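Colleague: Each chain, letter by letter, is given below.
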Amino acid sequence: MNRGAYIIRRVLLLIPTLLAIYTLTFLLIHATPGGPWSQGEKPVPPLVLERLNAAYGLDDPLWKQYVNYLGNALQGDFGPSFAQRSRTVTDIIGQTFPVSLKLGLVAMVIALVIGITLGTIGALKHNGFLDYVTSFVAIIGISTPSYVVVSLLVLVLSSQFGWLPTGGWDGVVSTKIIIPALALSLYPSAVLARYTRSSMLDVLNADYIRTARAKGLTQRMVVIRHAIRNALIPVLTVSGVILADVITGSFFVESVYSVPGLGRYFVSSISERDYPVILGTVLLFGFVISVMNLIVDLLYPLLDPRIATR
Amino acid sequence: MVRGSQTENETQSLFTRAGRKLTQAQVDRRAMMKGLLAAGAYASLAGMPSRAFAQATPEASPVPDFYDGALADEQTFRLPAGEPVTMDPGVSYGDNELAVLFNIYDGLTGVDQRTGEVVGRVAESWTTNDDASVYTFTLKQGVTWSDGTPITANDFVYSWQRVLDPNTLSEYTSALYPLLNGEEIANGEKDLTELGVKAIDDTTLEVTLTGPMTFFPLLAATWTFYPVPKHIIDEYGDGWTDSVYPGVSNGPFIVESWNHDQDLTLIPNPAYTTGDAVTLTKATFVIYDDATTQAFIAFENDELDYAAPEGADLDRVLGEADPAYQVIQFSQSNCNFLVVDTREAPGNSLEFRQALYKSVNRDELANVVLRGQYLPAYTIVSSDIPGSLQDVSPLTESVDEAVALLASAGIDPASTSIEITYQNSPARNQTVAEYLQQTWQNTLGITVTLAPIEASTYIDWRASRETQPYGVYTGSWGSDFADPSNWHNQNFTSQSDHYRHHWVNEEYDNLAAEAVSNTDEAARNEEYQQAETILVTEAPIIPLYRNKAVRVAKNDVKDLFFQSILSVVHLRTVKIAAE
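Going down the list, the protein sequences come from chains A and B.
Note that our numbering has the first sequence beginning at 1, numbered continuously upward.
Note that our numbering has the second sequence beginning at 1001, numbered continuously upward.
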């Protein structure tokens, strides 16, 4: 199949995917008990409730709400936030997504450097001391939740030693990015290290590596010229999903470190029953994941010409 | 973050003078209360320090003096906050934004946080008719918005009408129901122009209430009664609070900038004339997802000058004194209680309800189970409210009596079970529910089951108790203003039955109805005390514990005063002392 047609088909596939995500999310949030208006002890007068529901279209039949929101969303209007009345969902995503994106990209760069380095070392020193050390580090990284990591980093680096701030955000070039970026990168680093290691081991046992060695190439040349490039294909696959995950923000890291990113809205919007924000964030997340997968698929041929010719 | 719990804790309302440092709150409240009640002077006394703070040196002055030492060159202050839900005072339900609104707006009146007294802000003075149902406010001359636009009596007419205007979509219209026709307008039955507020001329405002209301100046100090800048709203529409910086308001400070989810900065209002000039040159609210748990560590790391620690941090703060900061403690005008379904067995039995009351050791609950971070509540209405029982209960705690009561009512504990429903957040609800379960199973021998519900489903759950049975559940109330009607008439009478206890007592209902419009203060308070005696004795609502506030501030922070209602940081007096 020709490449252009392939891309078009993949892009078109985004539509049913996002529609399915929207439908499922819509049904789930309306099946959940509770509502968006004041949930405190003080009563909201019934008439006010009625008016709020009318103003935000919550008194329409469900199918109508479903259609209306979809129609507005297609025109780029994701509606108002119920919880923060002076902001729209577009405002919230527009203000918070760039923050999560920057933080996530920094974390991803850290994760790629650490993960690929550790994984390569592990594979080259297979079953050696360094292999065990890197595997151990990777297991710790995979099994430690990010909120533990960020809390520990704050406790040690901020509270104990006072080297870094305990929270906040000042852009990428700032001491405030160190703790959240490290915390966010630990899990991806570990995953990438595991993938790189196993993939590298496969590749190192492949015939063409033996051939390369037989040609008399040094270990260094074998790894750099022949092994890494092929070993990175499965790593690339998993990187796409990981990247989608880190750039849309982590609830725990952002909440604990007071980063004004999108991640916290994934959770707070649910507990506040802020329907438009839930839909907006979920759709964005679905969109980013789909796009990342698409990009990864399009990148394969660059790493492996065999895929392009197939 | 759950908006409900925030509202409860932050809306610890106005007008009392209990809030201040521990060492200064040492008055024998009962003796003082008695004397003042006899004199009918409740409006000026309001909240007394509660039990735990009442141990002694009576000669100490209850009103702290102003700091008069040297000031630091840099007058800046950093404090934690939650992301404001809306910065429109006419719409606000009293959420995170209160901490900001009280500093950037002035109403007709205000509550002096140092003395607890109601003072004029935009209003120079006010008079009332004989039965306190019509108030005439005289405004100060030359009052303006921060951009120089004049403020007249018409601004108040506009702002109050705007709250009730259906198009404004305010969630807090009920705050203006004391105004004549307020409720009818909110219900769409009358026109906006029929609201009981009239500008006689530029500086004279006449307010007509639904009936006698001696405490109206207290209400006029709350945020829903603030004026809002019409010229800005006309220009920017719905998003007016987030369109122009620095923001336009009429309080001692104005908003310089607001980075959502990050920080909000206040600077002094250059055109401020309604009160004393402020000392701070800048105040920064650092925005946290959950300021109560996240701010203290930042405070310790010198990123904040003030924090309100909770939970595990409190153990540390209340433990050994840290010379690095000052601890400020005060009681809050609140009660956490159990609501009993008085329609269903076993809660329909008076003896059973009283047995539940008597079997709880409130001292142990507050001081051991809740680690001394709360105060025991023996009665319902908080002691800072006039006409309360001052925490002296008609029922005594006694396990023996509780067991005897069950026996006398012919209730067999072994075949009796009850379910405790509670919100799963904050976590202390679970602790309290487990404590009650253990207590009742061990002392009364009844079977107790626990039913946690998600906090955001609580309002729906409670509303559906209208028809559906339950055992008991945990509820709470915090004063909006220092008047017993805010407790009895609003919540507990059979007409309101806010908590769906379904309890009907004609004598109680009559007392509350009579008291609310009684203009004789002493008789009114007497009636409310009688009403509360009935309420506590009949035990459809079983009091458990009250909130206490613990705040920390850097040692150089001076003149930071708190009241037990609406105890947010009022920056207008705050100063930074020279080292």
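Since the hints were derived computationally from the structure, they do not count as laboratory data.
Treat the hints with caution; some may be incorrect.
Said to hold, decoys possible - Derived Cβ-Cβ restraints for the label pairs, each shown as a range: (1) B:1368 with A:162: 31 to 41 Å; (2) A:20 with B:1211: 41 to 51 Å; (3) B:1270 with A:32: 29 to 39 Å; (4) A:32 with B:1129: 45 to 55 Å; (5) A:162 with B:1372: 24 to 34 Å; (6) A:20 with B:1167: 34 to 44 Å; (7) B:1167 with A:23: 48 to 58 Å; (8) A:75 with B:1073: 28 to 38 Å; (9) A:161 with B:1312: 43 to 53 Å; (10) A:32 with B:1167: 39 to 49 Å.
Stated by the list, open to error - The calculated DSS-like cross-link candidates involving lysine-lysine, where the alpha carbons are at most 25 Å apart (straight line), are: (11) B:1558 with B:1282; (12) B:1282 with A:176; (13) A:176 with B:1554.
Fair warning: this is a prediction, and the values are worked out from it, not measured in the lab.
Glycine included, each C-beta is placed from N, C-alpha and C at the ideal position.
Colleague: Look at each hint and say if it fits the structure.
Modeller: Verification of the supplied hints:
With their beta carbons about 35 Å apart, residue 1368 of chain B and residue 162 of chain A fall inside the hinted range of 31 to 41 Å. Residue 20 of chain A and residue 1211 of chain B have their C-beta atoms about 58 Å apart, which leaves the hinted 41 to 51 Å range violated. For the pair residue 1270 of chain B and residue 32 of chain A, the beta carbons lie near 48 Å from each other, so the given range of 29 to 39 Å is not met. Judged by the Cβ atoms, the range 45 to 55 Å given for residue 32 of chain A and residue 1129 of chain B holds: they are separated by roughly 52 Å.
Checked against the hint of 24 to 34 Å, the pair residue 162 of chain A and residue 1372 of chain B passes, with Cβ atoms roughly 30 Å apart. The beta-carbon spacing between residue 20 of chain A and residue 1167 of chain B, approximately 37 Å, falls within the hinted interval of 34 to 44 Å. The supplied range of 48 to 58 Å is broken by residue 1167 of chain B and residue 23 of chain A, whose beta-carbon atoms lie about 33 Å from each other. Checking the proposed 28 to 38 Å range against residue 75 of chain A and residue 1073 of chain B shows it is violated: the Cβ atoms sit about 54 Å from each other.
Checking the proposed 43 to 53 Å range against residue 161 of chain A and residue 1312 of chain B shows it is violated: the Cβ atoms sit about 21 Å from each other. The supplied range of 39 to 49 Å is broken by residue 32 of chain A and residue 1167 of chain B, whose beta-carbon atoms lie about 30 Å from each other. A hinted pair counts as satisfied when its Cα atoms are at most 25 Å apart, and residue 1558 of chain B with residue 1282 of chain B qualifies at roughly 15 Å. This hinted pair checks out: residue 1282 of chain B and residue 176 of chain A have alpha carbons roughly 22 Å apart, not beyond 25 Å.
Restraint check for residue 176 of chain A and residue 1554 of chain B: the C-alpha separation of about 23 Å stays at or below 25 Å, so the hint holds.
Hints 2, 3, 7, 8, 9, 10, counting from the list given before, are not met by this structure.
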